[in-house]
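Input sequences plus hints: build the corresponding full structure.
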Amino acid sequence: MILNYKHWKTLFLVCLGITVGSAFCMKWMESDFLHNGKLFTIIGLEITYSKEKIIEIFSGITPAIKSVVGYHLAFDFAFMAGVYPGIAALCMMAREKRKNKLIRSVLLSTALLQVIAFGCDIIENMYLLKWLNTPAIENEFAFFHWIVAIKWLLAISGALIAIPLVLKRR
1 MILNYKHWKT LFLVCLGITV GSAFCMKWME SDFLHNGKLF TIIGLEITYS
51 KEKIIEIFSG ITPAIKSVVG YHLAFDFAFM AGVYPGIAAL CMMAREKRKN
101 KLIRSVLLST ALLQVIAFGC DIIENMYLLK WLNTPAIENE FAFFHWIVAI
151 KWLLAISGAL IAIPLVLKRR
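So that you can map any letter, position 8 of the sequence shown is 8 in the numbering used here, and since no number is skipped, the others follow by simple counting.
Since the hints were made in silico from the structure, they are not lab data. One or more hints might be untrue.
Claimed, not checked - Here are the simulated lysine-lysine pairs, DSS-like style, with alpha carbons at most 27 angstroms apart:
#	residue 1	residue 2
1	K6	K99
2	K101	K9
3	K97	K168
4	K6	K27
5	K27	K38
6	K66	K27
7	K6	K130
Everything numeric in this text was worked out from a predicted model, so none of it was measured.
Structure, rendered in C-alpha cells:
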C-alpha cells in the first residue's frame with residue numbers, strides 16, 4: 001500500500017487528538033506536584049534540576065503525590081504515542097508536497113528520526129519511574145541528560161522543519 005498526503009494527514013489528525021488529550025490530562029495533574037509546599041515540574045526533572053534536587057523531591061513527596069507523578073508519566077507514554085508519529089506524519093505530509101530529491105530525503109530522514117526520539121522519551125520515563133520508586137541516582141544521570149537532549153533536539157527540529165513546509169504551497 002502506498003501512502004499519500006491524505007493518509008498522512010489522517011494519521012496526523014489522529015495523533016494530534018492523542019497528543020492533545022493526553023497533554024490535557026498531564027497538565028491537569030501538575031498542580032498536585034508539591035514538595036515542601038512548592039510546585040515542581042516534569043520539565044525541571046528532565047532538564048534543570050540537579051541530581052540531588054531530584055533525589056530530594058522523590059524522597060520527600062507523599063505517597064499520594066508519588067502516585068500522581070506515576071500517573072502523569074503513564075499519560076506521558078500516551079502522549080509519546082501521539083506526538084512522535086504526529087511529527088513523522090507532518091514530515092511525510094511536507095515530503096508529499098516537494099519535488100526536490102534532497103528536501104524529500106531530509107524530510108524522510110527527519111520522519112524516521114522520530115523513532116529515535118520516541119525511544120529516548122521511553123528511556124527517560126523509565127529512569128524517572130525508577131527514581132520515583134527508589135530515589136537513588138547512580139552514575140546514569142549524565143546519560144539521562146544526553147537522552148533528554150537528543151529527544152528534544154530530534155522532536156523540535158522535526159517539527160520546525162516540517163511545519164513551514166506543510167503550510168507552504170507546492
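Consistency of the hints with the structure:
1. This hinted pair checks out: K6 and K99 have alpha carbons roughly 17 angstroms apart, not beyond 27 angstroms.
2. Distance restraint check for K101 and K9: the Cα-Cα separation of roughly 21 angstroms lies within the 27 angstroms cut-off, and the hinted pair is therefore satisfied.
3. For the suggested pair K97 and K168, the alpha carbons sit about 9 angstroms apart, so the restraint of at most 27 angstroms is met.
4. Distance check on the hinted pair: K6 and K27 sit about 31 angstroms apart at the alpha-carbon level, beyond 27 angstroms; violated.
5. For the given pair, K27 sits about 17 angstroms from K38 by alpha-carbon distance, which is consistent with the 27 angstroms threshold.
6. Taken as a hint, the K66 and K27 pair is honoured in the structure, with Cα atoms around 16 angstroms apart against an allowance of 27 angstroms.
7. Of the supplied pair hints, the one linking K6 and K130 is violated, its CA atoms being roughly 41 angstroms apart against a limit of 27 angstroms.
Consistency note: the structure conflicts with the earlier hints numbered 4, 7.
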